[in-house]
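**Q** Each chain is listed here by its residues.
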Amino acid sequence: MTARQERLARLLMPWLTLGVLLLAWELACILFDVPEIIAPRPSRVFEVAVQRWDLLLRFCLETLWTTLIGFALAIGFGLLLGLAIGASPFVYAGLYPLLIAFNAIPKVAIVPILMIWVGIGALPAVITAFVISFVPIVVNVATGLATIEPEMRDLLRSLGASNWEILTKVGIPRAMPYLFASLKVAATLAFVGSVLSETVGGNRGIGFLMLSASARNDSATTFAGLFAIAIMGVGVYAVCALIERRMTRWAFRGELVR
Amino acid sequence: MPPAASPLVELKNVSLAYGEGRDATLALGDATMSIAQGEFVAVVGPSGCGKSTLMKLVTGLIAPTSGEVRVRDARVTGPIRGVGMAFQNSTLMPWRTTRDNVMLPLEVVEPHKRRLRTDRAFYFDKAQKLLASVGLGEFGDKYPWQLSGGMQQRANVCRALIHEPQILMLDEPFGALDAFTREELWGILQQLWLERRFTAVLVTHDLREAVFLADTVYVMSRRPGRIVKIRTVDLPRPRRLETTFTPAFVDIVHELRERIQLEHA
Ligand SMILES: Nc1ncnc2c1ncn2[C@@H]1O[C@H](COP(=O)(O)OP(=O)(O)O)[C@@H](O)[C@H]1O
Ligand SMILES: [Mg+2]
Chain B
1 MTARQERLAR
11 LLMPWLTLGV
21 LLLAWELACI
31 LFDVPEIIAP
41 RPSRVFEVAV
51 QRWDLLLRFC
61 LETLWTTLIG
71 FALAIGFGLL
81 LGLAIGASPF
91 VYAGLYPLLI
101 AFNAIPKVAI
111 VPILMIWVGI
121 GALPAVITAF
131 VISFVPIVVN
141 VATGLATIEP
151 EMRDLLRSLG
161 ASNWEILTKV
171 GIPRAMPYLF
181 ASLKVAATLA
191 FVGSVLSETV
201 GGNRGIGFLM
211 LSASARNDSA
221 TTFAGLFAIA
231 IMGVGVYAVC
241 ALIERRMTRW
251 AFRGELVR
Chain X
1 MPPAASPLVE
11 LKNVSLAYGE
21 GRDATLALGD
31 ATMSIAQGEF
41 VAVVGPSGCG
51 KSTLMKLVTG
61 LIAPTSGEVR
71 VRDARVTGPI
81 RGVGMAFQNS
91 TLMPWRTTRD
101 NVMLPLEVVE
111 PHKRRLRTDR
121 AFYFDKAQKL
131 LASVGLGEFG
141 DKYPWQLSGG
151 MQQRANVCRA
161 LIHEPQILML
171 DEPFGALDAF
181 TREELWGILQ
191 QLWLERRFTA
201 VLVTHDLREA
211 VFLADTVYVM
221 SRRPGRIVKI
231 RTVDLPRPRR
241 LETTFTPAFV
251 DIVHELRERI
261 QLEHA
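Chains as they are written, first to last, in full-length UniProt numbering: chain B, 1 to 258; chain X, 1 to 265.
If a hint is listed, it holds; no wrong ones were tucked in.
Each computed DSBU-like pair below joins lysine-lysine, with the alpha-carbon atoms no more than 30 Å apart:
| # | chain 1 | residue 1 | chain 2 | residue 2 |
| --- | --- | --- | --- | --- |
| 1 | X | Lys126 | X | Lys113 |
| 2 | B | Lys169 | X | Lys126 |
| 3 | X | Lys113 | X | Lys142 |
| 4 | B | Lys169 | X | Lys129 |
| 5 | B | Lys169 | X | Lys142 |
| 6 | B | Lys184 | B | Lys169 |
| 7 | X | Lys113 | B | Lys169 |
Hints in this document: simulated from the structure, not taken from any laboratory.
Turn these sequences into a full structure, and let the hints guide you.
**A** So this is what it looks like as structure tokens:
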């Protein structure tokens, strides 16, 4: 295989796998005569998605917005908290254990509480997306900062640099690859958060659509919602990966960039 | 060496222990040194004997457990001014181009820091000239990871010199390089020193490197490091690669080697 063919093959692989899986699913449904209410055939899901695309799109956009707002908050807050924890042993000692404890709480447990506090609507979904996705950002940024080579720090100190200068000239650039790596994980988590909140209770978003569709035993629409979430997740992931490559070319030593 | 009124750097019975209580390890024991303005000093000794520790003490990055470090007749209590440092694994920042790496001290050290924004062109030129003087003129826009190990170390030395420090500290700067590259860099470093006459402290475990470059070689014992021998090298300058084959040079290297071998006995 030439390099070109290999690249093409690698690009096609995920589509091929997806195609094979869907085909197997379709065949299994036909072969075992699975009732649609239990597992609709992919072709049926596709049909419904095409039929009701305007409805799906509207609910998808609602979810996308709440997710992105929650995600953006998580980036801002996670970056600041990560820098604080990574830069100061005191903040680290004080907050890190609490952060781990907080992360261990199943987020589904806090949605009802949120609803008591802020009611239903977009807000609980935004908050859930935020709380579920900021922890990996904090941990990664703090790690990036805490693992600065001591020599680099010594070099700046010997030049008489202030702590602030050490943070801006070494700490933040050094933490960037860690930040971007965490964004890919955090972005998908943010979707988990917003859809979770929409499904537990709410009146908007793709989670709500799925919930009401399943209440009507309309599994084709429920599955269409599932696929829609997956597609949005992959899309946001891809954007994060792209930004990562652009912003931290040095961390890959130029290798991934063509 | 012209006899200076008082030495630029003085260590008086300096010792340093890392850690506290029962975990304390004595890294440096009772070091006394005096380095004149414009002198080129080399420190040699077995690995782990406290050479890097000595560097950090002189530059004020760490404070001695006992004894006193004085620079320019003042007791050192924190990072001192007017130093340039270069370490073994070049600490060039991978996210900056080579030129931006070399210009880093200008962003931190006064008065350059103040002037950098208005005199950008001047400083850019200065960095370019310095890079050219070590044969890196065309590599300013490359990233450090696009350079060979030898080129990275040259850039590393440039960064240590760009702000024209009075004191240059080199901690095994050429340790990771092959013999040919290393000898080439000795020449470059000597040339820079002859032009600028900064005070240089070079830590190395290569005795030939020490004798080639230094006016005075300090030999340290095993941990806890003590200074066990001081040898002046009065070979004429500029020293060349051929110098390293002359009997005078070889004799000094042998003399130092014998003293160090005692440490491993
Ligand atoms: N930050 C540190 N904490 C504890 N021990 C250290 C530290 N730095 C160095 N040491 C110990 O002090 C001794 C001297 O270290 P160093 O000055 O780096 O030696 P050298 O540079 O001569 O190889 C070594 O035994 C090392 O293990
Ligand atoms: Mg060392």
